[in-house]
Structure formats: C-alpha cells, structure tokens
Amino acid sequence: MTDIIFTDKQPSALNNQLTTNKTNCPYCGVGCGIEATVENNKVIAVKGNKLHPANLGRLCVKGSSLHETQGVKNRILSPRIDGEAVSWDQATSKIAKHFQETIAQYGPDSVAFYLSGQLLTEDYYVANKLMKGFIGSANVDTNSRLCMASASTAHKRAFGEDIVAGCYDDLSAAEAIFIIGANPAYAHPIVYQRMIKAREENPTRKIVVIDPRKTASAKDADLYLAIKPGSDAYFYNGLLMYLAEQGHLNNDYIAKHCQGFEQTLQTAQSQFADISAVAKACDIELSLLLESYQIFAETDKVVTFFSQGINQSSSGVDKGNAIINCHLATGKIGREGAAAFSITGQPNAMGGREVGGLSTQLAAHLHFENPNEIDLVKRFWQAPNIATKQGLKAVDLFDAVDSGKIKAIWIMATNPVVSMPNANLVKRALKKCPMVVVSECYENTDTVAYADVVLPASTWGEKHGSVTNSDRTISVHKSMLKAPGEARHDWQIITDVAHKLGFKSAFNYQHPVDIFKEHAALSGFENSHPYADKRAKHDVYRVFDISALANISQADYENFIPTKWPINQANPNGVKRLFTDGVFATKNQKANFIPIIAQLPKILPSSTQVVMNSGRIRDQWHTMTRTGRVAKLMTHSNEPYIAVNPEDAQRFKLADKQLAILTNLDAEYIGRVNITDEQRVGEIFVPIHWNDNFSASARASALVNPITDDICGQPEFKHSPVNLKPFNTIWSGYLVSSQAVNCSTQYWSKIQLEQGHKYLLSDQQALAEDETFLANLYPQITDWIVLKDHQKNVLRIAGFIDNQLHCFFAASTDLSLKFNSRYIEDQLNKTLPIKTRFKLMSGIDSDGKGDVGDMICSCFQVGEKTIQAAIKSGDCKSVNSLGEKLKCGTNCGSCIPELKTYLLNG
Amino acid sequence: MANTEKPIIKRSSSKPVQSVVQIKPALVIVGNGMATGRLLDEIIKRTPNKYQITVISKEHFGSYNRIMLSAVLAGEATIDSIMQKPPAWYKAHHINFLSGGVVSYINKEKKYVDLASGVQIDYDELIIATGSRTAKIPAKNQNITGIFNFRNIADTEKIQAFTKQKSISKKQAVVIGGGLLGLEAAYGLALSGVEVTLVHRNKWLLNRQLDKVAGVMLQTIMEQKNINFVLGHEVAAFESNIDKSVTPNNKKTEILSGVTLTNGAFICAQMAVIATGITPNKELAQTSNIEVNRAILVNDYMQTSEPSISALGECCQHKGATFGLVDPIWAQCITLAERLCNSLEKPFYNAPVATKLKVSGVQLFSAGNVEVSEDSQCFTLLDKKALIYRKIIVKNGKISGVVLFGDVSSGMAYFDLMQQATTVTPMLPELLIGEEFVSLSDDEKQVSIA
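Residue numbers (the numbering used here), protein chains in the order written: chain A, 1 to 906; chain B, 907 to 1356.
Keep in mind that the hints were calculated from the coordinates and are not lab data.
Be a bit skeptical, because a hint or two may be false.
To be verified - Now the stretches of chain A that chain B is said to cover, found in silico as 3 or more residues with beta-carbon under 8 Å: (1) 752-762; (2) 782-796.
Said to hold, decoys possible - Some residues of chain B that are not near chain A, with every Cβ distance over 12 Å (derived): (3) K1017; (4) T1051; (5) N1055; (6) S1214; (7) G1230; (8) K1252; (9) P1253; (10) G1312.
As the list claims (entries may be wrong) - Keeping only pairs whose Cα atoms sit at most 25 Å apart, straight-line, the calculated SDA-like set for lysine to any residue is: (11) A:K478 / A:G57; (12) A:K839 / B:T1126; (13) B:K1301 / A:A768; (14) B:K930 / B:N1248.
We treat Cβ as the ideally placed atom computed from N, Cα and C, and that holds for glycine.
Please build the complete structure, drawing on both the sequences and the hints.
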C-alpha cells in the first residue's frame, strides 16, 4: 500500500529544502504519531507515523488536515494589555506585579491558574510548580477536570494510583469490547479502526455498545443497548450481581489480589432484587441485558472502553469503579486483551495528571492527603511556600472568581467561556475579575474577549515538549516551525513570570529538556519499589516513575522513541501492561473493590423538559479554534444542531431542519432540528463545539447546570434538563463571503470555506428590502446584483469587487429550502464575465451539476449523492468496493459506519 | 389566364356606370404600407387568382419595411435594401398599382372610390389601410423650416439631406418623443454626427414599455451614444431665425433656431424631429360615414360598419385598441386574408406584444403590462454595473408583464408562458434568471436553490 500523504501542494512542489519531522497529533487522547513535511516554515504535508505504537501509520480526518490549520491568519502576534500591544517585558511585569500585590493583600488562594490538556507536560509542570510550590496555593486546575477527573479518581480508589493498566494492543487482542459512554467512531477514530479491524479478522470477536444515543459506533455494534442516560452504574452493578449469581467470579483472583469484594457485592445486591429490576432501571429489555452480561461473563478477554459518557457525570467516579469492580471480580485485568480502559479526550490529559496539574493533586502522582508526600515534593523543589491542601476544582474555581474570592486568574490554552458548565457565569465572572490573563494562540476565541492581558502562545508544530496519551505512551512533539510574531512557548512565559515573582533559581530552564529531566527526577525521587528496596518508604511509592530519563540528553529527548511508562532502572524500555502480576499500587498491593450505590443524574427533567446530552461530532475539535479553520472539516456537519427523537419532535411541534431553541439557566442554544431515531424519547443531543465565534447562540455548555461529582468535581455535562421549543423565523438563507463579517441576525452560523466563509442565516425580522444591510457589512463594495420580489419573500444579492465575486447572499421565506451553495462557493473570488454574471443569481450552474450532496467522507471529499449513485449503479456492493471506486473510507475510516448505512438502505 | 385580366374601367365622376364584364371581383386596397404588403402576401399565398387587386398608394415607392427607416437614418441600411415590393413586383403579380393616388371619398352604396385625381374605381371588397401619421404636439410655431416628422422615406430623406448639409458647421437636433420611434431617430442622428437632444414628456424613456428602472438604464446607454435627454418636459415653442442668405422672391424664410421648453429652458437646434406618437388616419372613413372612434372601428373579422369595407393596421381600432407594432397587424392580415380568400371566419385576437428596440447595442424586451398593481407580485433582478435588468410581474400566478433590459434571453419563453397563461409561481425566482434554471426536477431544485 502506498503512503497517503495529505497535502494541498502539487507533488512537483514537493522538492528539496524539505524536512520531515516526527511529531504528534494535538487532538484527541489517542495521541497518534505524525510525520510532518516542512517547507519554508510551513507544514505542507502530514502522514501517519508507521512506527508510532498509537496509530501505526493511520490518521483520522482531523489529524490529516493539520497542515490546513496553520497560517498567521487569526494568530495573536504580540502581547497586549487592555487591548494595546506591549512588549513581553511589560506584559510579564504587569502580571507579576498584579499577582504579587494580590497575594500580598489577599493571600495565595486569591489567585489561580486554569490550564489545559492541550498544554505539553513541560508547560504543565512549570505552571504547577510555580503555583503549588512557590505561590503556595493549589488553585491550579485544568480542563481535564471536565474530562478525566472521574476516571482518574476511580483509578486511584481501585488501584491506589491513577493508572491505565492496559494499552491499545489490548483493543486488538480483546475477544469482546464493551464500549460504554464513548463514541470512538467519531471521537477516537484510530483506536476504533483497530477494534473494527480485529473483528474483521476474527468475526467471533464482539463489540457491545452501551449508550443512550445510537451513535455511529452503536450502529456498527454486534449488540447495542440504548440504556437510560446515567444508568451506567446500574448496568455494571447488575453485571456484578449476574457474575456472582451465575458463577462467573474469579474467586481465586479476588482472594489473592483484591479486597472489599463482599461488601461491594452486597451493596450492588441491596439496590436491586434481581437482574430484571436492573433491566427496568436501565430501561432496556431484559433479554438484551442478559445477552450482554453473558458475553462479558463467558468471554475470557474483555475490555471495557469508556470515556466521557461515564466521566461527565455527578457520579462519574462511582461509575468508573463499578466498571473496574467487574473486571477485578473476573480477573479481566492486567492481561492481554483484558482491561478497564479509560480513554482521554485530550492529547495530554494524562501528562497533566502525571505532573499533578489538577488542584486535587500535588505533583508526580503525589497527593496532599499524605504529609510525607508534601514533604517530599517540598524538599525536591526546595519550595519555601508549598501548598498543603487541595485547591479549587474548575466549577468552584470560577465560582470563586465570580464571588470575588479569586482576584487574578491566568488561563492557558483553553476556552472556558465556551467549555465550562453554566458558561454565562464564567463570562460574568471574568468580566468582574480584576486581572484575567489569557495565553492563547488564536484571536477571537470567546475567552480572549475577557482578558486584561493577552499573551501570544506558540501552538502545534512550534511547541517542543512531551505528551502522554491514553495508554501511557510518552511521545515528544518536535518544534518544526518558528512561531509567528512574538508568540512564545507557554513554559517560557511562565518561567519569565516566575523570575519576576522572585523565583529565578527554581525556574532556571533554557530548554524543555531541562524541565523534562526535572520532572523525571521528581518521579523517581525517593521512589523505591517496596519489595525491591527494604529502605523504601512505602507510603510515597508510586508506579509513575520515569527516572530513567532524568539524565536524558537533549538529542535523545528530541528523538525520543515513544515509550509507555514506567521508565526506570527496572524497566528502561517502559512497560506495555501494568498489574500483570496482580500487584497494585495500594499500600497492601491489593486492588480495592469499591461498593457502589448506583445513582441517576442529580437533576431530572420536569414533564415539559427534555434531557440535553452533549458531545463531540466527527470532524470538529473542542471549541473549533483550530478545526473551524479547515473547510473540509466543516463539510460533514456544518452548523449547531439538536438531534431529536420523532416523538419529541411531534410533542414540541418541531419540523426536521427547522430551527429550535433550548433554554436553561440564563442561556439559550439555537440549533437546527435533526429528527432521528438515534435519540431516545425525551433526550436530545447537541454538539459541544460551537461558540460565539461560530454561531449566534450555540454554546451548549452554557446550558449545563454546574452540578458536579461530589468526589472529583467533574461536571455533569451529559445530562442537562432543558426547555425545548421551535425557533420560528420568517426567513432563512446564507451568505457566502470571501471575508469574515459580523452577522447580526438572530440566528447565524459560520462555516469555513476554502475560499472564505459561509454563514447560514435566519431571522424573526422581515427580510431586507435591498442590499443596504450588506453594504453596511461591506463598505468597500459598490457593485451589486440584486434579485428580489416586492413582497419580500425572496432576496439574493451578489457583491463584486473588481468584477470578482466577493459575497453572495440568498434568502427566502420558504424555510423548507436547503442551502447548498457549492456552485456559488466555486465562483467566489473569480472574475466573472459582466454580461452573463447575473446568471449566478440562480445559485446553480445552468446544467445543475456540481451538487454532490452532504459531505460524508471528509478526507477525500466524497458526497452523499456520489455515494448513493455508485451504490445505485450496482458497481459498489461493499465498503471496500466503494473505497476502490471513490476512495471514501480508505483513510481515517470514520465514515465507514455511514457508508454501511447507505449500503444497507440501497 | 391573361384573358381574364381586364383593365379597370375608368369613368368620369359625373356618370358612374357598372362594369360590363367583371369576371373577377375587384379588391381595392387604399394605402400601401407594411400592412398592405403583408396582406398581399397572405392573399397570394391563398388564392392568387380570386381577386382583381388594385393598390392605391400615396407614395411613389412600392412597399418597404418602414421599421428599418431608423437603420437607414443611422446609415446601417439603404433605402434599396429595405424595399420589399418594388413597382415591378405588382406587375408581376397582376396587381394594379396606382402610385401617387389619394382617395377622397368612398361611395358605400355604389361601391366605388373617388380619387383626388377625379378617377373612380369600383370595388367589390374595399380595404382601408391608410395607416397613421405623426401626432400633433401643442407647441407654437410649427410652420418653420427644419421641423420634420419621421414616418416615411420622404421624411428620412429630408432628415438625411439636413445632416449632410455642408453649410451648417455644427449640427444640432431636437428629437421630440421618447418612444421607440423617437429613440431610433435620435440614435440615427447621433450616428451621423448630429448633436441630439431628446425631449420627452414622461419621467423616463419608453414609459409605455418599460418601468422607471429600465427606462433610466436605457437613458444611461443612450447617453453613452451621445444623446442628451430632457425628461419630464415638453416643447412649448419652436424658435426661428430669419435666413437672409436664402431669400428667393424676397420672401423671408423662417429657419429653426431652437426650441423653448415648458420649463422655460432653450435648446439650440437647427432641426427638430417630431416623434411623439401616431394619429390613425381615419378621415377617409369618417367622411364616408363609416363608424370611427379614435380610429376606424372593426369587428373580429376586420370588417368596418360597412360589411364590404374592411380596415387594418394602424388606422383601425379593435375592441378599444389601436395598433402601432407589427405583430398584431400581421395577425389582422391573416384574419382578413382567411375571410376574403377562404370565407373562413377566423377571429382576430389582439395578443400581447413583445417590444424590441432597434438600436444597436441595446437589448430590450417588453411584453404585457409592466405596471405593478396591488394584486400582483413582482420579481426583479438588477445589475447596475452591467446594465442588466429583468422583471417579471405575476398576477394570479401567471405572468402579466415582462421587462428585460441588457439581456433578453428567455424573453420569448416568458412570452409563451404569458400567452399560454401558465402558472409560473413554482418556477420563480429561478425563471427570472433564465428558463434553463427551471428545467431541473423538483428534487434537484430542493437541494440546489436557496
């Protein structure tokens, strides 16, 4: 097979002066290795790194578009104070002075850092050290709180340490995979492809999907259970009961390697009389439930693959433990193909946890609960002022900003105005806060708008440092590009501020390798295995130990071969799988069964409400600051939507493709109704990505109640009772534009195009009479073509500059019309013959060609109509033959579930 | 068949007598304009030998394409090239062609016509095709040298002679009337190097065929062709100089020096062309006690109040309408020919007419009623820079009027849809851009059009 190289350059342009660099994808938690080709300080092509254990050469559509996300456009190029460009010296002095004064007056807990799983381990390490070791507060939390806190805490409770024991190879080796609260087909395509490939190779392998939503992963499952939202712990507690009843327990394993089983089983049994009561609680048929339990019980190698559907819950920690309990009870753990596998959402969520980047952790898998651990870190850092207690978790942290307890906050590489629950409170809090510092690479993120000091940060391709993916693999991102303008690396910025705060000697870093070595040294500091070393202090032992790298050379660091930790004297080449000997990280080395009383979400909907679930869509990432710049990533799903069951659509009087509005708290979300039986009745789904930069009103998180897990503080993103009603507008239409503009319609949504932008528009105000409203948006345009009817039912306007099409607006009061503007997009920025250019107002080519329908394969831009035509012609009867003919599905494979649906429906 | 031809019998006006041997019925046509030309074709096509035909023509030429006179004036055509039926043609078709003849009276009872020359001509069927003349305008001093009409070859020759005069160094002309004829005259003059100002009573040009938007665009284009416009005003008076150089018989000749407008403005001009519209030539019928109104009244079969006398063309009035464009007149010719030749009663239907302007570089199409009424829907497309404008007016779901300017593609398709009273609502607004955009299936439309 030839390599698939993603590039927008012609091969002939791929000549000399090129460098190829091994780096990593900055998106999801899979952490794929990438080979990037650089020319003239620009990545012109990317391909998967065949030697990286995470992806073995494959890339998903987001990863394979990475080269298209670059460019100086929209990058922040210089530091700013109150909107004025300043020097780095002025900016860091301002921050240091303000933080110093605030701490002096109100104490260290009056300041906070809010970090991100997008940061590299070195950035994380320096920020965490500064706050916890030197400022003396643990108010440093991260967006990993929104994503991994539950799993991380569940691991610690069960294993004594936050450890994912398995690895991606287990996904290929498993005989059955239970995917619960995850949609890897969309969110983690590369590991999903592994599961599918393994099943293809051996069809006896089963994939069981448990999800209230019939996701793309669910559609391709061997068994699908549409459980009631939040009933996941019922499911696993029921499984534990079943295993006990049916004699599938591994009593030997339980006795030898675990503790607390009896109480755990009793607790599970106390909640339900029998399995049929569990089925009822999960709202699924008993037979389906039993079928799935039987698969789990009778299959030797089982992996439970879980993610945000488990974590983002008010009882997320318990759910994680309910899963782990079943794996411990059957000994399906620490073996090839057997694991409770938590996958992270972000590329370095695990690296952040390793440095202790959450407010509930101290550093290097050391915690506040043990004074010896605090003492250890204090001595290692020679920290005069070490924090001694947990800091505020994300939701509480922003509450404290709102209440004025926190008076200065530094946000790095994340967009909490979009991503936090009750995000309007975050807006309000940041507005009030006397000092908001935002380190960010892109302009116009919703959070930058609230910053007093804006710091331009480097981004993917420019940054240099390490990350740890979901299976403990540490990889090094290599700096390949010079950052634009005055942008700097996060660790440099933090180091500078630390110097100005008077901590120069403790932050004497010249290169990320300096930080990495210190991090590695800390992981091994006074960390001897209790059995190997009689003098070892048992209570500070941690499995996370990469001390073999404490003296790594810069060259070795830069060419670091991806390795799974621990990496220490005993295991210099890392460890593929942990707990293989049944020895855990607890004091007595036994895994803990955790008794779980399964709980439903805290706030249940009223009779007039629906439950809003939220999540990722296939081709977007987080708040779209990067993926929103790539045209082809907008082709699969291009506007905020609301997936609704047909029954609910009838109940709330919603038509397919019309707009609807969701309200909760003081926030609203306007999106397009997508009627689908993928949703259960009473439950809707919205994507998390859209924000004020991309749509009028589509920050889903603003509607999420700030309800969190009592133990770990992770918010309940997956279950928000909201009000739903139609958003009836008078007209709808689109604007295709070669420049970005500020729309003022009640509904608008921005779509990136190759040539510019497209805006979908709709309003409750009458359609404009003429081009005046557009002339206000485009003062430089005087050359217009206007098509209208005098009753204001139809309006189409084309604007030209130097005879080139610059913008095109089309709207109608007939709301049933769809908005395919492909032909118009093709004409954008083209010089059109003056005598015939008016024909453009049809919006279509006169021969009607050029419409391939909704985009299904983003990698190769294959549309729905093209696929349907190929199937109809009889040429293509399988996914493979479609791939051979149209190339669709042959790269990242994330459209394969959809291709199968088309094949099934003819 | 030569023996069947008998010379017409000429008699003195004092003692009319019946013809002795009239083998074929006599068909007499008064007037030899374009309507007559076409009618002859239609008759010959059907029954070349049924009638003994006599054509009485005021002009000495045969039949020519009057529509092309503006092209002659513009130098784009010659008089020879627009000649359709020279006198020899009539001879070849055994038609009596009386050039320079003016009919003064019709004796309905005895069925003959009096010519001014004193000759009487009997008829069995008489057709009045006297056409029209330039409408009078209420301006003062109209008997000055240098004021012309623009109706026929003679007018055209006079105007051309003026433009070619070497004695006048700077030639300036005023054209009065912003209808089709006036614009064509102005264009022709401008092309011959005359500095032309067109004075039009209405606020915009071609106000009967165009709306204001298209009228203004037309003006923009015509201004680029070196025509000046004064709109919204009329000529109040023609002004003159006494020409001393030309004074034969010591008679003073008043020569045009310019026009004064109703707003008091003065425009310098050595020539004025009046093209304000037409007045039907109904006087012959009127004197002969045939019913007239604005023009000679005819029924659906082109018969006047006197069954053996028909009328057609610009001199007739059908159901309240008079005519100035060729299309309905061609239809009248067919109705009349069918009745005369085949005794078929094929009623004349005054179908809507599409207008095109014969000015090179101007694409213009107009059909139906271009006014937007309260109960109509109006779709427009305007490209100011390209000077393209398209408008469709829809009433009860059907096209009631069309204006196309700058690009007249699909004009005939609209015209057909209007004629066939097709419901076009589902085709809009795509239809406005071009008929090719509505040929898509509904399914394709759904996904392609916003």
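Results of checking the hints against the structure:
Counting residues of the stretch 752-762 of chain A whose C-beta sits closer than 8 Å to any C-beta of chain B gives 0, which falls short of three, so the coverage hint is violated. Counting residues of the stretch 782-796 of chain A whose beta carbon lies closer than 8 Å to any beta carbon of chain B gives 11, which reaches the threshold of three, so the coverage claim holds. At roughly 57 Å from the closest C-beta of chain A, the C-beta of K1017 of chain B stays outside 12 Å, upholding its exclusion from the interface. With a closest Cβ-Cβ approach of about 45 Å to chain A, T1051 of chain B is found to remain outside the 12 Å limit, as its non-interface label requires.
The non-interface label for N1055 of chain B is consistent with chain A: the shortest C-beta to C-beta separation is roughly 36 Å, beyond 12 Å. Listed as a non-interface residue, S1214 of chain B keeps its Cβ farther than 12 Å from every Cβ of chain A; the least gap is roughly 51 Å. Against chain A, the non-interface label of G1230 of chain B holds: every CB pair exceeds 12 Å, the least being about 30 Å. Every C-beta of chain A lies more than 12 Å from that of K1252 of chain B, the closest at about 39 Å, which supports listing it as non-interface.
Taking the minimum C-beta to C-beta distance to chain A, about 36 Å, the non-interface status of P1253 of chain B holds against the 12 Å cut. Not every CB of chain A lies more than 12 Å from the CB of G1312 of chain B, the least distance being 8 Å, so the non-interface label is violated. Taken as a hint, the K478 of chain A and G57 of chain A pair is honoured in the structure, with Cα atoms around 18 Å apart against an allowance of 25 Å. The straight-line distance between the Cα atoms of K839 of chain A and T1126 of chain B is roughly 22 Å, inside the 25 Å bound, and the hint therefore holds.
Straight-line distance between C-alpha atoms of K1301 of chain B and A768 of chain A comes to about 23 Å, which keeps the hinted pair within the 25 Å bound. Only pairs whose Cα atoms come within 25 Å are accepted, and K930 of chain B paired with N1248 of chain B is accepted, the gap being roughly 15 Å.
Going through the hint list in order, the structure does not satisfy hints 1 and 10.
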